[in-house]
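S.K.: The lines below spell out each chain.
2 protein chains.
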Amino acid sequence: MSDTGEGKRFGFEVLHKDASTGARLGLLRTPHGDIPTPVFMPVGTAGCVKAMPHEFLEQLGARIVLANTYHLYLRPGHELIGRMGGLHRFASWPRAILTDSGGYQVFSHRELRRVSEEGVHFQSHLDGSSHFLTPEKAMEVQAALGADIVMVLDECTPYPCGRPDAEASMRLSMRWARRCLDRWRELDDGARGIFGIIQGSIYPELRRQSAEELCAMGFSGLAIGGLSVGEPKEAMYETLAATAPWIPEERPRYLMGVGTPRDLVRSVALGIDMFDCVLPTRNARNGCLFTSRGRVLIKNACHAEDPGPLDPDCGCRTCRRYSRAYLRHLFMAGEHLSAVLNTVHNLTFYLDTMRKIRQAIASDSFGEWLRALEKLPE
Amino acid sequence: MSDTGEGKRFGFEVLHKDASTGARLGLLRTPHGDIPTPVFMPVGTAGCVKAMPHEFLEQLGARIVLANTYHLYLRPGHELIGRMGGLHRFASWPRAILTDSGGYQVFSHRELRRVSEEGVHFQSHLDGSSHFLTPEKAMEVQAALGADIVMVLDECTPYPCGRPDAEASMRLSMRWARRCLDRWRELDDGARGIFGIIQGSIYPELRRQSAEELCAMGFSGLAIGGLSVGEPKEAMYETLAATAPWIPEERPRYLMGVGTPRDLVRSVALGIDMFDCVLPTRNARNGCLFTSRGRVLIKNACHAEDPGPLDPDCGCRTCRRYSRAYLRHLFMAGEHLSAVLNTVHNLTFYLDTMRKIRQAIASDSFGEWLRALEKLPE
Numbered sequence: 001m002s003d004t005g006e007g008k009r010f011g012f013e014v015l016h017k018d019a020s021t022g023a024r025l026g027l028l029r030t031p032h033g034d035i036p037t038p039v040f041m042p043v044g045t046a047g048c049v050k051a052m053p054h055e056f057l058e059q060l061g062a063r064i065v066l067a068n069t070y071h072l073y074l075r076p077g078h079e080l081i082g083r084m085g086g087l088h089r090f091a092s093w094p095r096a097i098l099t100d101s102g103g104y105q106v107f108s109h110r111e112l113r114r115v116s117e118e119g120v121h122f123q124s125h126l127d128g129s130s131h132f133l134t135p136e137k138a139m140e141v142q143a144a145l146g147a148d149i150v151m152v153l154d155e156c157t158p159y160p161c162g163r164p165d166a167e168a169s170m171r172l173s174m175r176w177a178r179r180c181l182d183r184w185r186e187l188d189d190g191a192r193g194i195f196g197i198i199q200g201s202i203y204p205e206l207r208r209q210s211a212e213e214l215c216a217m218g219f220s221g222l223a224i225g226g227l228s229v230g231e232p233k234e235a236m237y238e239t240l241a242a243t244a245p246w247i248p249e250e251r252p253r254y255l256m257g258v259g260t261p262r263d264l265v266r267s268v269a270l271g272i273d274m275f276d277c278v279l280p281t282r283n284a285r286n287g288c289l290f291t292s293r294g295r296v297l298i299k300n301a302c303h304a305e306d307p308g309p310l311d312p313d314c315g316c317r318t319c320r321r322y323s324r325a326y327l328r329h330l331f332m333a334g335e336h337l338s339a340v341l342n343t344v345h346n347l348t349f350y351l352d353t354m355r356k357i358r359q360a361i362a363s364d365s366f367g368e369w370l371r372a373l374e375k376l377p378e
Numbered sequence: 001m002s003d004t005g006e007g008k009r010f011g012f013e014v015l016h017k018d019a020s021t022g023a024r025l026g027l028l029r030t031p032h033g034d035i036p037t038p039v040f041m042p043v044g045t046a047g048c049v050k051a052m053p054h055e056f057l058e059q060l061g062a063r064i065v066l067a068n069t070y071h072l073y074l075r076p077g078h079e080l081i082g083r084m085g086g087l088h089r090f091a092s093w094p095r096a097i098l099t100d101s102g103g104y105q106v107f108s109h110r111e112l113r114r115v116s117e118e119g120v121h122f123q124s125h126l127d128g129s130s131h132f133l134t135p136e137k138a139m140e141v142q143a144a145l146g147a148d149i150v151m152v153l154d155e156c157t158p159y160p161c162g163r164p165d166a167e168a169s170m171r172l173s174m175r176w177a178r179r180c181l182d183r184w185r186e187l188d189d190g191a192r193g194i195f196g197i198i199q200g201s202i203y204p205e206l207r208r209q210s211a212e213e214l215c216a217m218g219f220s221g222l223a224i225g226g227l228s229v230g231e232p233k234e235a236m237y238e239t240l241a242a243t244a245p246w247i248p249e250e251r252p253r254y255l256m257g258v259g260t261p262r263d264l265v266r267s268v269a270l271g272i273d274m275f276d277c278v279l280p281t282r283n284a285r286n287g288c289l290f291t292s293r294g295r296v297l298i299k300n301a302c303h304a305e306d307p308g309p310l311d312p313d314c315g316c317r318t319c320r321r322y323s324r325a326y327l328r329h330l331f332m333a334g335e336h337l338s339a340v341l342n343t344v345h346n347l348t349f350y351l352d353t354m355r356k357i358r359q360a361i362a363s364d365s366f367g368e369w370l371r372a373l374e375k376l377p378e
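Chains R and H, in that order, are what the protein sequence lines are.
Residue 273 in the working numbering sits at position 273 of the first sequence, with consecutive numbering throughout.
Residue 162 in the working numbering sits at position 162 of the second sequence, with consecutive numbering throughout.
Keep in mind that the hints were calculated from the coordinates and are not lab data.
Only pairs whose alpha carbons sit at most 20 angstroms apart, straight line, appear in this in silico SDA-like list of lysine to any residue:
id	chain 1	residue 1	chain 2	residue 2
1	H	K137	H	L112
2	R	K375	R	R293
3	R	K299	H	R83
4	R	K299	H	R75
5	R	K299	H	L74
6	H	K299	R	R75
7	H	K356	H	L15
8	H	K137	H	E117
9	R	K299	H	E79
Input sequences plus hints: build the corresponding full structure.
M.R.: See below:
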């Protein structure tokens, strides 16, 4: 594989544990730089974080982004990206990248796929073409993309799901995880991280089994999948609380696809180190903005003549320069610039929140964040 | 009027005349800064240059942008912008702005308008609402927007147009120009510039009459309108050559809505000082890019695996960082970032071209540009 950074290898270290919660401060080491945790990874679906010039992303301190294997596999194709030297070089993004397996997108197009022991047949949402994704193939595609952290192919169990189905689905994911790891070890020399994904729906016993099996296989880190897929919020937290303790302390814990600022704080308190979510970027394009005073729907008429900044406590380039009135105008006029400026702000809010969370853990004051949870956007 | 800059007043000065052509080097003074001419003004339709963060525009040296009165009048409304302190403050754009009169957009929606001596009735393309634009109203709207240079309301004569119709249309535009100027003098103390617009289709005698009448009225500058509206290229240049000499040397000459890089050079040679055109910005969004080697259609398959920059002779942030392969991918994937990066490049190409043209005039070598015209994108 090409472009493996500066010869650095994947690693993780817990630097400090919060005195009063399960929160921990850590450092992820990757071939493309070190990443303080807990970390939020902006989603860069098709090889770019939507509407964000790379410079902006760098300036606001993003050290790692997530890219979607499904989208890149279909367009422009992983082989093309591989020939171009991997995703870092293709996209001119010098910092770390995590790729998902493509499974989540395949499974979310329910009518377009068919699962077997061997893998999953699916049709492209772009042109209807047929594809067959196996655990081995998912590894080969991610190897061509050349991310710093890759994810196993799993079946994302839908919600609700009876226990027998949840168990069968989790078992399939565990067999696939094994096949992924075996294939990955042929493709990578250990420089990159590979994460297993814990499944088991909302059943604590299944989650425990899944976690233990994946840990025994020797993954570099463990992700918690199949949450935030429609279950009640409290079911998510109960499952999370019942799952996280089964992940050994020395491995990074990644909660996939979560969540709101409030979710981040609650999950950090349960020991989660890594997050990704489309919420800040997608909401930005829809005019829903996260601020220190709560959510702001920028299209609302009350902002039409507001000369003040979107968030007086924010130092991002959007809040420093533009008024709510202008941001509303750009949104109503459907200007590209609206997506750019809104995304800059929402990602700043998320990354600033994570920075403050890390500071709080370092000073053993993270418990105050939990107690002041209702001040954060939900 | 608010936000009149630092007490500076509109002015224009010719600094140097090229030895071998009609080209001239000048300086436009405005309340929001001085602008070396010949100048290309990026089009900022709705109060922003599409897909361009202001910082990017500033960094590439744009000293003045054009904003469309028609669009701002309809959304968010000139009165709102006036209450917000004018367009500079509303849009947080500290440099110069020229506003058109709104006439061009009104006349381009042919089925939605009805012209009389008094003004023009039209329907909004957004919601079908009825509006009545008079010369006086066009001035009042532009006064509320607070641009540094405003344009009279004129009838943009379509092409082709018989001489009697062209003359009647030009006469109406002259009577409207008089009314505009009278109203404007009630609204402005002379700090801002107001430009008359020469009409008369492709008839040199009508163009001469129009130019002479507007000059006699005492406008700060003269624009040439009604060109690049479908006539053959050579008809445009014949008309331009027959019109420009009737504009006194000491007034700035603005060719509206033109054109390609080649057009800019040919028109500068005929003594034009100012240009605006949607071409670089609109083409950018459509994936048509201007380079030192000619036009590049970025969607073409030949760019799919090209690791080289879009234009090896360009120093813009797009060409410095990204490959043609990545730019093609972003375009094919419909990413917002495609519009941003392409617009950065095309505007850089236009503004760099104007910078080089000014340098050539200063060193009396502009004739070489004319002789090497075919090297420029047409």
